[in-house]
Amino acid sequence: MPLDSRERAMTPISPESAVLAIVAASPGHRVQGKKRIHKTAFLCAWCDAPIGAHFAIRHFGVFSTEIADALDVLSFFGDLETQDEQVGPNQYFTTVYSLGKGAAHEAIPAISRVARHLARYSTPSLEVASTVAYFMKQGWPEARAVAETARIKPAISTPERFDATRTLLKEIAGLRATPHGQRPAHP
Numbered sequence: 021m022p023l024d025s026r027e028r029a030m031t032p033i034s035p036e037s038a039v040l041a042i043v044a045a046s047p048g049h050r051v052q053g054k055k056r057i058h059k060t061a062f063l064c065a066w067c068d069a070p071i072g073a074h075f076a077i078r079h080f081g082v083f084s085t086e087i088a089d090a091l092d093v094l095s096f097f098g099d100l101e102t103q104d105e106q107v108g109p110n111q112y113f114t115t116v117y118s119l120g121k122g123a124a125h126e127a128i129p130a131i132s133r134v135a136r137h138l139a140r141y142s143t144p145s146l147e148v149a150s151t152v153a154y155f156m157k158q159g160w161p162e163a164r165a166v167a168e169t170a171r172i173k174p175a176i177s178t179p180e181r182f183d184a185t186r187t188l189l190k191e192i193a194g195l196r197a198t199p200h201g202q203r204p205a206h207p
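The opening position of the sequence shown corresponds to residue 21 in the working numbering, with each subsequent residue numbered one higher.
Calculated from the structure, these hints are not laboratory results. Where hints are given, some of them may not hold.
Said to hold, decoys possible - In the BS3-like style, the derived pairs of lysine-lysine whose C-alpha atoms are separated by at most 30 Å in a straight line are:
| no. | residue 1 | residue 2 |
| --- | --- | --- |
| 1 | K190 | K55 |
| 2 | K173 | K157 |
| 3 | K173 | K55 |
| 4 | K54 | K190 |
| 5 | K55 | K157 |
| 6 | K173 | K54 |
| 7 | K54 | K157 |
Claimed, not checked - The calculated label-pair distances, taken between Cβ atoms and stated as ranges, are:
| no. | residue 1 | residue 2 | range |
| --- | --- | --- | --- |
| 8 | P129 | T178 | 25 to 35 Å |
| 9 | A163 | V93 | 35 to 45 Å |
| 10 | R50 | P161 | 34 to 44 Å |
| 11 | S142 | Q103 | 17 to 27 Å |
| 12 | G159 | G122 | 37 to 47 Å |
| 13 | A124 | I176 | 30 to 40 Å |
Small disclaimer: the values here were computed from a predicted structure and weren't measured. By construction, the Cβ of each residue, glycine as well, lies at the ideal position given by its N, Cα and C atoms.
With the sequences and hints as input, model every part of the structure.
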C-alpha cells in the first residue's frame with residue numbers, strides 16, 4: 021500500500037539523501053568542507069526537515085556521526101566527488117564536495133530551500149547559529165543559548181555574529197517545512 025503524503029513527510033530522510041540534497045541545492049552544486057555540511061544539515065533539521073540523523077555538540081559545534089558516515093560512503097562510491105582546495109584569507113585546505121557524475125539524488129524541497137538560503141552565510145556564522153539553535157532546541161532560552169555558545173566558541177562569538185545569528189534563525193524559521201513539505205502561509 022503506498023504511503024500518503026502525510027506518512028511520506030514523516031518518513032526520515034536518510035543522511036545520504038540529505039547530504040546529496042544539500043550539495044545539489046548549493047551554488048555550483050559544491051560545498052566547501054565537512055563542517056559546513058554538518059551545520060547545514062542540522063539547520064535543515066531545525067527547520068523540520070525529517071533528517072534521520074542525530075546531532076550533538078562537539079569541538080566544532082553541531083556534529084552528526086550519521087552525516088559524517090554518509091559523506092564517507094557517498095565519496096567512496098563516487099556519488100560525491102572531493103577535491104582539496106585552499107580557501108579563505110588564511111588559505112587553509114578544505115575538502116570541497118560536489119555531485120559525482122551521474123549521481124542520483126532527489127530534490128527535497130525542505131532541504132533545498134534552507135540550503136540555498138544558508139549559502140549566503142559564512143561557515144563560522146553557520147557554526148554559531150547552529151550551536152545557538154541546538155541549545156534552543158534543547159529548551160534553553162535564547163539568552164542562555166547565546167551565553168553558552170560564547171563560552172564554548174569564544175574565538176568566533178562576536179556581537180556582530182550573534183546579531184547575524186538572530187537574523188539567520190528568524191529568516192530560516194520562515195522556511196520551516198509543514199507535514200506536506202510546503203512553506204507555511206504565515207510563519
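Which hints from the list above does the structure break, by number from lowest to highest? none
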